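Make the full structure from the sequences, and use the hints.
Below are the chains, spelled out letter by letter.
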Amino acid sequence: MLVIKNLKANVEGKEILKGINLEIKAGEVHAIMGPNGSGKSTLANVLAGHGGYEVTDGEIYFEGKELVELAPEDRAREGIFLAFQYPIEIPGISNATFLKTALNEVRKYNGKPEATPKEFMELLREKSGVLGMDPQFISRSVNVGFSGGEKKRNEILQMLMLQPKLALLDETDSGLDIDALKIVSSGVNVFKNNDNAVLLVTHYQRLLDYIVPDYVHVLSKGRIIKSGGKELALELEEKGYDWIKNDELIEENV
Amino acid sequence: MEEIKTNGLQEKDEISEDMQLLNDVTKNEYKWGFITDIESDTAPKGLNEEIVRFISLKKGEPEWMTEWRLKAFRHWQTMEEPKWPNVKYPKIDFQDIIYYSAPKKKPQLDSLDEVDPELLKTFEKLGIPLEEQKILSGVAVDAVFDSVSVATTFKETLKEKGVIFSSVSEALKDHPELVKKYLGSVVPYTDNYYAALNAAVFSDGSFVYIPKGVRCPMELSTYFRINNEETGQFERTLIIAEEGSYVSYLEGCTAPIRDTNQLHAAVVELVILENAEIKYSTVQNWYPGNSEGKGGIYNFVTKRAACRGNHSKVSWTQVETGSAVTWKYPSCILQGDYSVGEFYSVAVTNNYQQADTGTKMIHLGKNTSSTIISKGISAGKSNNSYRGLVKVGKKADNARNFTQCDSMLMGDKCGAHTFPYIEIENDTAKVEHEATTSKVGEDQIFYLNQRGISTEDAVNMIVNGFCKEVFNELPMEFAVEAQKLLAISLESSVG
Ligand SMILES: Nc1ncnc2c1ncn2[C@@H]1O[C@H](COP(=O)(O)OP(=O)(O)OP(=O)(O)O)[C@@H](O)[C@H]1O
Ligand SMILES: [Mg+2]
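Protein chains in written order, with my numbering: chain A, 1 to 254; chain B, 1 to 495.
Quick caveat, the hints were computed from the structure, so don't treat them as lab data.
Since the model is a prediction, treat every value here as computed from it, not as a measurement.
Don't be surprised by glycine CBs; every beta carbon is placed ideally from N, CA and C.
Any given hint could be a false lead.
[Unchecked claim] Once the Cα atoms are required to be at most 30 Å apart in a straight line, the calculated BS3-like pairs of lysine-lysine come out as:
#1 B:K71 x B:K180
#2 B:K468 x B:K91
#3 A:K14 x B:K413
#4 A:K5 x A:K230
#5 B:K71 x A:K100
#6 B:K484 x A:K108
#7 B:K468 x A:K151
#8 B:K360 x A:K108
#9 B:K439 x A:K14
#10 B:K279 x B:K395
#11 B:K360 x B:K394
#12 B:K180 x B:K59
#13 B:K279 x B:K484
#14 A:K8 x A:K25
#15 B:K180 x A:K100
#16 B:K484 x A:K100
#17 A:K65 x A:K14
#18 A:K151 x B:K360
#19 B:K484 x A:K118
#20 B:K360 x B:K83
#21 B:K360 x A:K118
#22 A:K100 x A:K14
#23 A:K192 x A:K165
#24 A:K8 x A:K100
#25 B:K279 x B:K360
#26 B:K395 x A:K112
#27 B:K71 x B:K181
[To be verified] Derived DEER-like restraints, expressed as beta-carbon distance ranges:
#28 A:K112 x B:S291: 48 to 56 Å
#29 B:G162 x A:T116: 26 to 34 Å
#30 B:N426 x A:E122: 54 to 62 Å
[What the hints assert, rightly or not] Derived coverage of chain B by chain A (criterion: at least 3 residues anywhere in the stretch with Cβ under 8 Å from a Cβ of chain A; other residues may be distant):
#31 82-90
#32 458-464
Shown next as structure tokens:
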């Protein structure tokens with residue numbers, strides 16, 4: 001589904017991603033862990049097409065299509081979804097208007113008819129039910145006055161509504177209380193099937209108890225320095241990142 | 001309406017250079033030895049008492065009206081152009097303006113194919129129905145359509161209710177006593193430079209009278225009145241709401257107005273008696289000049305409402321996207337006890353546009369309250385200023401004001417400025433002021449992009465969200481059009 005080859009990217013002239021290689025197949029869950037500032041959000045933003053990041057080298061293929069030249073809205077319509085680490089507030093636009101516009105844009109692009117108001121409301125009721133959200137939120141402005149946890153929940157709701165092929169979840173677990181973590185995780189598990197994929201960025205092994213990854217990657221200073229199965233996350237929780245960095249040094253010295 | 005012949009001078013203009021030269025000489029001669037030709041449809045350039053008389057005579061006005069204009073003119077001569085607004089423009093040569101030309105019908109076209117394609121594109125974006133497009137652009141319409149048109153049905157209904165809705169000229173003929181009683185009673189000609197000029201030379205405008213206890217059954221729109229004529233350069237509007245009456249008045253039209261007059265100095269006066277309410281909504285969309293800042297209208301307007309009766313109410317709602325320079329402060333004089341003044345404004349500037357706009361709330365009666373919601377959006381290299389005065393008089397016990405001024409910047413070459421003035425002479429007053437400045441951020445746009453929404457739509461959503469409180473005050477259809485208009489005027493300003 002997603003193939004990343006030797007991806008390098010700059011922010012304001014500074015190289016942040018220094019050659020990423022990664023392949024994600026349909027049906028898989030990948031977790032990316034790594035120290036603060038290692039480039040996890042940068043990778044997610046580059047995949048989603050944020051204009052502030054410049055791809056200087058490498059290739060990204062999504063469902064066989066080259067992504068780098070594709071506008072961010074078209075990537076979204078193709079089925080890439082980014083749940084933001086810091087969701088943005090948009091005053092004066094209701095969640096309803098926003099969600100409906102987004103849903104119909106995606107549908108139009110994929111040659112499907114727009115959702116009728118009734119279809120939309122039914123879908124919304126179903127999905128917000130999964131996340132235990134107060135239906136009142138729908139008439140409030142997008143993320144305005146939402147608590148940190150509510151914003152994260154709102155991101156997952158959008159994911160459930162839009163049904164993307166690839167969901168990039170950037171620290172969706174941070175700021176959630178224990179109950180909310182369970183609810184949001186179950187939302188992700190409801191979403192997950194054999195035709196889509198999830199790439200989640202997290203600092204905590206805890207999330208991976210609920211959403212079990214097939215692969216765990218460690219990102220450090222713009223490179224994936226180690227990949228493994230879900231047990232890698234446990235090891236990281238126990239030992240931190242230093243031991244890998246040392247490993248890496250040793251490997252390089254050999 | 002009479003047929004109007006093109007005047008001789010204009011025809012000559014097109015003939016040859018020699019004639020042009022001759023023309024210039026003739027024009028110059030007029031300067032020195034001017035004799036008013038009452039048969040002419042256009043006054044020569046420049047302004048003097050004779051021109052003022054000529055205008056009044058042409059319009060067949062009563063003697064008192066002529067005198068009033070003359071007094072205004074004499075007063076204007078003693079005044080100086082205001083320098084305080086935060087706008088820059090080349091000095092206006094008031095002797096280089098033609099102050100009277102007979103109302104021209106727009107040239108009749110045979111089909112929409114003859115209309116400027118740019119104009120048609122805009123119509124399309126605004127979703128204006130085909131038949132209306134024809135009327136707006138001066139294409140001959142089917143007589144059948146015309147006679148069953150909204151405008152005709154509309155007039156009948158008003159008549160039944162006793163509502164007067166006509167041009168000021170007509171009102172001067174049919175209801176001189178009303179005009180005499182109220183004209184200049186809210187905005188006297190001594191008020192300011194442009195108000196004095198307007199009083200001396202105003203061409204025409206709307207007159208509305210709502211009788212006691214009548215709720216005007218429909219929104220009154222200038223669109224139905226000025227249909228076939230060019231809007232005047234110096235419009236004058238007078239609306240009177242008698243006790244317990246209500247009217248919602250819509251000024252302007254969301255279709256782009258191409259006007260060759262550079263200077264516009266309109267005056268609007270509203271009189272609101274006990275328990276009456278006027279809701280006045282404006283969409284101003286005059287030519288703002290091109291993207292290099294060439295051309296465009298100078299719009300210097302005086303708008304004022306007098307809430308004379310107890311429990312009277314006025315709301316000004318405006319969406320300003322046009323004009324190169326705008327200078328405009330719709331004001332409320334809250335004289336009656338418990339009277340209410342509201343001002344909801346969206347002012348958009350792009351490219352090299354400049355706007356200095358806001359309101360004045362003058363609290364004189366007891367328990368009066370006012371609300372000001374101002375949203376300024378600046379893009380390109382434009383400058384957008386809010387200027388507002390809240391004044392509470394000695395006797396205005398328990399006056400309340402709430403002011404909120406929000407500015408939004410698009411890009412980093414534009415400017416937003418806020419000049420709030422507060423003058424309070426009664427210590428029971430409560431005045432609140434809130435102000436914010438925000439930027440349409442790349443991150444907001446990216447967030448919407450990431451959900452499949454294009455940059456153009458994203459900007460529109462963000463801007464509409466920002467203006468929501470004001471759009472909520474507009475009549476439904478107007479609000480929808482105002483949103484589209486905003487989209488058009490901000491097109492290509494981001495991304
Ligand atoms: N817009 C930007 N301008 C300047 N520097 C940036 C920008 N975005 C990211 N960076 C820098 O790039 C590096 C990687 O940042 P990134 O946000 O990708 O880290 P992260 O791995 O997601 O960290 P965290 O775990 O704290 O979320 C950091 O040094 C950061 O300061
Ligand atoms: Mg991050």
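Results of checking the hints against the structure:
1. B:K71 x B:K180: holds (15 Å)
2. B:K468 x B:K91: Given pair B:K468, B:K91 is violated - Cα atoms ~37 Å apart, limit 30 Å.
3. A:K14 x B:K413: Given pair A:K14, B:K413 holds - Cα atoms ~26 Å apart, limit 30 Å.
4. A:K5 x A:K230: Holds, at about 23 Å.
5. B:K71 x A:K100: Measuring from Cα to Cα gives roughly 60 Å; hence the hint is violated.
6. B:K484 x A:K108: holds (21 Å)
7. B:K468 x A:K151: Measuring from Cα to Cα gives roughly 22 Å; hence the hint holds.
8. B:K360 x A:K108: Outside the cut-off at roughly 48 Å; violated.
9. B:K439 x A:K14: Answer holds: B:K439 to A:K14 is near 25 Å, not above 30 Å.
10. B:K279 x B:K395: holds (26 Å)
11. B:K360 x B:K394: holds (17 Å)
12. B:K180 x B:K59: holds (16 Å)
13. B:K279 x B:K484: At roughly 22 Å apart (the allowed maximum being 30 Å), B:K484 and B:K279 satisfy the hint.
14. A:K8 x A:K25: Since the Cα atoms of A:K8 and A:K25 sit roughly 21 Å apart, the hinted pair holds (cutoff 30 Å).
15. B:K180 x A:K100: violated (55 Å)
16. B:K484 x A:K100: holds (19 Å)
17. A:K65 x A:K14: Roughly 27 Å separates the two Cα atoms, so the pair holds.
18. A:K151 x B:K360: violated (40 Å)
19. B:K484 x A:K118: Within the cut-off at roughly 26 Å; holds.
20. B:K360 x B:K83: holds (18 Å)
21. B:K360 x A:K118: violated (46 Å)
22. A:K100 x A:K14: violated (38 Å)
23. A:K192 x A:K165: holds (10 Å)
24. A:K8 x A:K100: violated (35 Å)
25. B:K279 x B:K360: Given pair B:K279, B:K360 holds - Cα atoms ~17 Å apart, limit 30 Å.
26. B:K395 x A:K112: Given that 30 Å is the threshold and the Cα spacing comes to 66 Å, the pair is violated.
27. B:K71 x B:K181: holds (17 Å)
28. A:K112 x B:S291: 48 to 56 Å: violated (39 Å)
29. B:G162 x A:T116: 26 to 34 Å: With a Cβ separation near 46 Å, B:G162 and A:T116 fall outside 26 to 34 Å, so the hint is violated.
30. B:N426 x A:E122: 54 to 62 Å: Distance hint for B:N426, A:E122 holds at roughly 57 Å.
31. 82-90: It is violated: at least three residues are needed, and the region 82-90 of chain B offers just 0 whose Cβ sits closer than 8 Å to chain A.
32. 458-464: Satisfied; 3 residues make the cut.
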